[in-house]
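The lines below spell out each chain.
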Amino acid sequence: GENVEQHPSTLSVQEGDSAVIKCTYSDSASNYFPWYKQELGKGPQLIIDIRSNVGEKKDQRIAVTLNKTAKHFSLHITETQPEDSAVYFCAANNYGQNFVFGPGTRLSVLP
Amino acid sequence: EAQVTQNPRYLITVTGKKLTVTCSQNMNHEYMSWYRQDPGLGLRQIYYSMNVEVTDKGDVPEGYKVSRKEKRNFPLILESPSPNQTSLYFCASSLFAGGDTQYFGPGTRLTVL
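Read top to bottom, the protein sequences are chains A and B. Following this note's numbering, the numbering of the first sequence begins with 1 at its first residue and continues without gaps. Following this note's numbering, the numbering of the second sequence begins with 112 at its first residue and continues without gaps.
Extracted from the complex, chain B is given alone in its bound form (with noise of 0.2 Å):
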């Protein structure tokens, strides 16, 4: 089945503790993409990826590192989470970087302490 999955799905932490937010995809996509979805403000992208080694800033990059080693997956990098990065991320995939259907992940609830 194509999809695109993120673990965990649910994270408590303490502020300050590195945590990682995995990403993967099995449709062989170019494009991978991070968002922030916080309420009344949207999806917001963080980071992007046009390709294996290629990233970019988002609106909201700040306290966020990514990485695209391989093609299916794209991990999200928070080194020293606050309580200001407590909300729901998403990542997503597209065959191609623009004009194209994004396919979104079921997402992942992070709250920082």
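Isolated chain A, as found in the complex (with noise of 0.2 Å):
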């Protein structure tokens, strides 16, 4: 089955600086690959999500990339503010099949 590794496990940034989360999956089936961040106390909620077909996507200052011959993908987030500051989880998912989640990054944004 889908196994997805997930780097770093904490992570400390000066606001303002850029954070970079990384991903790795191991089924090349898997072509959904959501990533959610979860603030104390409540439940995860989608930040920002990319397809197979697609090697980037962007959203103001969030952006992800995906590399399908690595499997691997990764989460940017520039201009770091303090409210960034939670858990951030990626995914990969295959349609119709179950989500598999990576064990979680801590961002911790540093005013």
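These are computed hints drawn from the structure, not numbers from a lab. None of these values were measured; they are calculated from a predicted model. The beta-carbon is built from N, C-alpha and C at its ideal position, and this holds for glycine as well. One or more of the hints may lead you astray.
Unchecked claim - Output of the computed footprint for chain B on chain A, the stretches with three or more beta carbons under 8 Å from beta carbons of chain B:
1. 21-34
2. 45-57
3. 80-94
4. 99-106
What the hints assert, rightly or not - EDC-like, lysine to aspartate or glutamate: derived pairs with alpha carbons at most 20 Å apart:
5. A/Lys42 - B/Asp149
6. A/Lys68 - A/Glu2
7. A/Lys37 - B/Asp211
8. B/Lys180 - B/Glu190
9. A/Lys68 - A/Asp49
10. A/Lys37 - A/Glu56
11. A/Lys22 - A/Glu56
12. B/Lys176 - B/Glu164
13. B/Lys168 - A/Asp27
14. A/Lys22 - A/Glu79
15. A/Lys37 - B/Asp149
16. A/Lys57 - B/Asp211
17. B/Lys168 - B/Asp149
18. A/Lys58 - B/Asp211
19. A/Lys42 - B/Glu112
20. B/Lys168 - A/Glu2
Assembling the complex is the task here: the two chains are given apart, and the hints tell you how they should meet.
Here it is as structure tokens:
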């Protein structure tokens, strides 16, 4: 079955700097890769996603890149702000099958 | 308001006492799913349902049951809970089975003594 690894497990950055979180997946059949943000005491919330026919996607300060050959995808957050502090999860999905999540990255943005 | 609701939000129970955690969505979503979240392990899918009367196992289905008799409801049943099922549980739904935004409920924190 699918296996998703995520690095780093914790990440601290200064406000205004960039943050990068990387994930790798094992199943070449996976074709949908969402990123979720989880704030304390809440359920995860989708922040961006990418499908296998696209190499990069941006939404304001957030971008995701996908390398299908290497089976890895990354989340990039630019100009980080204190409200970006949260736990971030990547996931991989083969349409119609189950979702497999990475173990999460705790991001701290220091003022 | 479009949302996924779970009840109860907190539950402390004892080993072997059957319990049900309810999940309901008001967005007419076809796909619903249950996850458990444990420190260092992220979210692991327990069961999912692609539509009414269609359910399938996720990565960690042992000790759990589900049913999908109506489109809006997807209860999680623990027939004989054990301490290793102490966890934070999330229900989620999306319009379609894959490649679509999943909306998560607020979570249910379960403690089995």
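Checked hints:
Check on the segment 21-34 of chain A: 3 of its residues sit with their Cβ under 8 Å from a Cβ of chain B, so the three-residue criterion for coverage holds. Check result for the segment 45-57 of chain A against chain B: holds, 4 residues qualifying (beta carbon to beta carbon below 8 Å, three or more required). Note: the segment 80-94 of chain A has 4 residues with beta-carbon separation from chain B under 8 Å; the three-residue rule is met and the coverage holds. Residue count for the segment 99-106 of chain A with a Cβ under 8 Å from a Cβ of chain B: 6. That meets the three needed, and the coverage hint holds.
Only pairs whose Cα atoms come within 20 Å are accepted, and lysine 42 of chain A paired with aspartate 149 of chain B is accepted, the gap being roughly 14 Å. A distance of roughly 14 Å separates the Cα atoms of lysine 68 of chain A and glutamate 2 of chain A; the hinted pair therefore holds under the 20 Å criterion. In summary, the hint linking lysine 37 of chain A to aspartate 211 of chain B is supported, as the alpha carbons are separated by about 16 Å, within the 20 Å threshold. Restraint check for lysine 180 of chain B and glutamate 190 of chain B: satisfied, since their Cα atoms lie roughly 18 Å apart, inside the 20 Å limit.
For the proposed pair lysine 68 of chain A and aspartate 49 of chain A, the alpha carbon gap of about 15 Å is at most 20 Å, so the pair holds. The straight-line distance between the Cα atoms of lysine 37 of chain A and glutamate 56 of chain A is roughly 19 Å, inside the 20 Å bound, and the hint therefore holds. With a C-alpha separation of about 14 Å, the suggested pair lysine 22 of chain A and glutamate 56 of chain A falls inside the 20 Å cut-off, and the hint holds. Only pairs whose Cα atoms come within 20 Å are accepted, and lysine 176 of chain B paired with glutamate 164 of chain B is accepted, the gap being roughly 13 Å.
At roughly 18 Å between alpha-carbon atoms, lysine 168 of chain B and aspartate 27 of chain A fall within 20 Å of each other, so this suggested pair holds. At roughly 18 Å between alpha-carbon atoms, lysine 22 of chain A and glutamate 79 of chain A fall within 20 Å of each other, so this suggested pair holds. In summary, the hint linking lysine 37 of chain A to aspartate 149 of chain B is supported, as the alpha carbons are separated by about 16 Å, within the 20 Å threshold. With a C-alpha separation of about 15 Å, the suggested pairing of lysine 57 of chain A with aspartate 211 of chain B holds against the 20 Å cut-off.
Pair hint lysine 168 of chain B plus aspartate 149 of chain B holds up; C-alpha atoms about 19 Å apart against a cutoff of 20 Å. With a CA separation close to 17 Å, the supplied pair lysine 58 of chain A and aspartate 211 of chain B stays within the 20 Å bound. With a C-alpha separation of about 17 Å, the suggested pairing of lysine 42 of chain A with glutamate 112 of chain B holds against the 20 Å cut-off. Simply put, lysine 168 of chain B and glutamate 2 of chain A have alpha-carbon atoms about 14 Å apart, close enough for the 20 Å limit, and the pair holds.
The structure fails none of the hints (numbered hints given earlier).
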